[in-house]
Amino acid sequence: MSHKKSVWLQRALLGGAMLLGAGSAAAEYGLNMTPGVTNVSGEVYHLHMLIFYICCAIAVVVFGAMFYSIWKHRKSVGAEAANFHESTTVEIIWTVIPFAILISMAIPATKALINLEDASDPDMTVKITGYQWKWHYAYPEEQIAFFSSLDAKSNEARQLGSSVDPASVEDYLLNVDNRLVLPVGKKVRFLITSNDVIHSWWVRDLGWKKDAIPGFINEAWTRVEEPGVYRGQCAELCGKDHGFMPIVVEFKAQADYDAWVAAQKAQAGNSKSPVATVVAAVN
Amino acid sequence: MSEATTHDAHDHHDHGPAKGLMRWVTTTNHKDIGTLYLLFSLLMFFVGGAMAMVIRAELFAPGMQIVDPYFFNQMTTNHALIMIFGAVMPAFVGLANWLLPMMIGAPDMALPRMNNWSFWILPFAFSMLIGTLFMDGGAPAAGWTIYPPLVLQTGDAFPFMIFAIHMMGISSVMGAINVIATILNMRAPGMTLMKMPLFVWTWLITAYLLIAVMPVLAGAVTMLLTDKYFHTSFFTAAGGGDPVMYQHIFWFFGHPEVYILILPAFGIVSQIIPTFARKQLFGYSSMVYATASIAFLSFIVWAHHMFTVGMPVAGELFFMYATMLIAVPTGVKVFNWVSTMWKGSMTFETPMLFALGFVVLFTIGGFSGLMLAIAPSDFQYHDTYFVVAHFHYVLVTGAIYAIMAGTYYWLPKWTGHMYNETLGKWHFWLSTITVNILFFPQHFLGLAGMPRRIPDYSVQFAEFNMISSIGGFAFGLSQLMFAYIVISTIRGGKKASDQVWDGAKGLEWTLPSPPPYHSFTEAPEVK
Ligand SMILES: [Cu+2]
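Just so you know, the protein sequences line up as chains A and B, in that order.
In terms of the numbering used here, the numbers along the first sequence are unbroken and rise by one, the last being 283.
In terms of the numbering used here, the numbers along the second sequence are unbroken and rise by one, the last being 1527.
Simulated from the structure, these hints should not be mistaken for laboratory data.
Take the hints with a grain of salt, since some may be wrong.
As the list claims (entries may be wrong) - Within a straight-line C-alpha distance of at most 25 Å, the following computed DSS-like cross-link-like pairs (lysine-lysine) qualify: (1) A:K75 x B:K1343; (2) B:K1019 x A:K75; (3) B:K1505 x A:K75.
The structure presented is a predicted model; accordingly, all values stated were derived computationally and were not measured.
With the hints as extra help, turn the sequences into a complete structure.
This is the structure we're talking about:
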C-alpha cells in the first residue's frame, strides 16, 4: 500500500517536472523567449532559462513537500496534528539558502546587465524618434532620415469592421512601409527619443527594449553578424494606435548596405522630398 | 456626574441598528460599515470584471471586431483602477472593519464617525470615475499608471479622474488611521503585540504603508493637474520638466501599493491554514518580521518597474539587488505555511481550498516576479503579457483568492448561517481551473513577444489569446456562483455554531454567530 503510494508520488512529481520543463522543448512553438541574434540576446536568454530552472527546482521542493503533506497529513487518513510550531535552526536555514541562491543569480545578471548597457565605441549611430504612431529613423553620418509606419495592408485589415482577414495579410501588424536598414558586423549605437509621448523601441531578437522619452536621449546598442529581417513593436502605451506602430529592422551585408545608403541619398537628392527637410529638422 | 448618566441612558438606545436605509447611511458600527465595504467591493469586482470581459472579447481573435482601440485603452485603464482601488482595497478594509475589533477584543473601531465617512466617499469617487466613460473624449485611457505626457491628452475626464483618485486616497488614509488607532489602543488586556493574530499584524503594517504612500500618489496626480491646467511643467520636457520623474514618484507609491494589496492576504491565509491543519501557525514571530521586512523593502525597489527608462547602470543594479532580496522574506512565509501543514490533521473545506490555491498560485506569481527582478531579462519581459500574467497571478489568485478564502471562512460567523459547502467547492475548482486557462498562456504570449495594452495582435499570437479568452469568460461566469453563494448565505441557511470550525482559534470564535451588534462590550481576558 505505502509502496504503491510512493510510486504514485514519484510519477506525479515527474509529470509536474516535465510540464515545467516543457518551456524549453517548446521554444519553437512560440512558447518561450528565443536566444535571438545577438550576443546580448543570447546572454539574456540563458539568464532567463537559468532563473526559470532554479524556480522550477524550488517549486518541486516546496510544492512537493506541500502536496506530500496534503496527501499524508489528512484528517481523513487518520493523521493527528503534531505540536511543533517553531524552530530557529530551520528558520535560519531557509533564510540563508535562498540568499545564497539569489547571489548565484545576481552574478550572471550583473555581468549581462553591464554588457547590455555598454554602448561605448560604436561603429555607427542611428537616431530613433517615436511619434504617435510611427517611428522616425535618422542616420546622422549619412544624412538619411525617414518615417516608418504600419504597412497599408495591415492598416486596412486592422480597421474596426474591416472585411480583410488578418490571417491573409503577410506579417499582420508586424510590417512597415520603410524598414530600418543596418549593416551586419558593426556595433550600432541607437539614440532613442520621442517627439510626443513615451514609446518603447523593442525588437525581441536583439534582446532589449528601451523607452523613447521626450526630452531624453537614451542609448542602446546592437551588433548582428548575419543578414536577416527582425520584427518588433512599440512596447509602451502611447495612445490610440499604440498597437499599430511596428518595427522592422533589416540587417544587410556591408556591400548591400552601402548600395542601400547610396540609393537613399540619390532619392533624397533628386527630390525636395519631406525626407530631406526632416533630416535638417532632426539634426 | 449627570453628564455620565445621560450618556449611559443614551447608550441603551444604541444597542441595535436603526431601521431602514438610514441605518446604512448613518451607521458608525464596524460590522455595518464592514458589510458596506464588502458589498461595494463585490459590486466593483463585477464592474471591473465586465470591463475585463470586453478586453478578452476583443482579444479573442486577431483583427478589431468589437471596440475601437481608444475604447479598448479606456477598458484596460478603468479595469485596473476599479479592481485595485474599488474591489481589492475596499474588500480588505471591509474585512478589517468586521474582524479587527472581534480579533483584539474591542467593542468597535476606534474612530466610528470617520469610519462612516471613509466608506461613503467611495461610492462618489467611483461614480465619478465610471461616469467619465460618458464624457467628451471618453474615460481615462493612459493605463492605470497614468504616465505623462500621454495622460495629459485625456479629454474632459481628466480632472474627474484626478479628483476621484484624491477621494480614494482620502478614504484609504482615513481607513488606515482608524486601523492603527484601533489596534494600538483598543486591544483587550493581555493581548500584547506579539499575541495579535497575523491578520491584525499584517493590517497594522499595511495601514502604515497606506499612510506613507497615498499622499505621494496625491502629490503626483496634483502635479499632473497643474501641468494640464495651470501651466506648470513638472513633467513636461518642453518646459524644463521631467516625464521620468513622474514615474519615480508614481512607483514610490506604486510598489508599496502592491504590498498593500497582498499583506492583508498573507494575514488571512495565516489565519486559515492553522485552522484546517489543526496545528498552530509555524514560526509566528518570523511571520511578523517577514511582513515588516517586506514592507521596508517595498520602499526601496520602486524603479524595478522602470528598468527600461534609461537609468545609470549603478541604479539598475541597486534596484535589481533590492528587489531580489524580497524573495527571502516572501520565501520564509511560504515555507512557514507549508510547515504549518506538515504533520497537521488537514481537512479541505472551501476556505482551506482557496488558501491552498493561494499558496500555490501566489508562489507561481512570486517566481515570475523573481524572473522580472533580473534587470537584463526584464529588458525582454517589460511591458509584455509576461508581466500581465505575473501580476494577475499575484492579484487574482493571490489577493482575490485570499479575500474569497476569508469570506468563506468568516461568513458563517458574520451571518450565523453556513454557506453551501458543495457549491463552495464547485466555485473553487471552477475558478482554479479557469483562472489558469486564463492567465497561464499569457506567460507564453509575453515570452513570444506580445506587448501588453494592445487591442490587436499579430496572427502568431492567435491560439493562446483564444485559449486565454475562453478561460476568461469561464472564470467570469464562475464568479457569479460566488455572488450567489454569499447572498444566499446572508439570507438563510443551516445554523452555524459559535465555533464554526473545530480547529479555529482566536477571540472572534468566542462570540456568538452572528456576533452582537457591539462586539466585546466587556473586554475579554487574554492569557
Ligand atoms: Cu508607441
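Going down the list of hints, with the structure as the test:
1. A:K75 x B:K1343: 10 Å, holds
2. B:K1019 x A:K75: The hint is violated at about 45 Å.
3. B:K1505 x A:K75: Since the Cα atoms of B:K1505 and A:K75 sit roughly 18 Å apart, the hinted pair holds (cutoff 25 Å).
Hint violations for this structure: number 2 only, all remaining hints satisfied.
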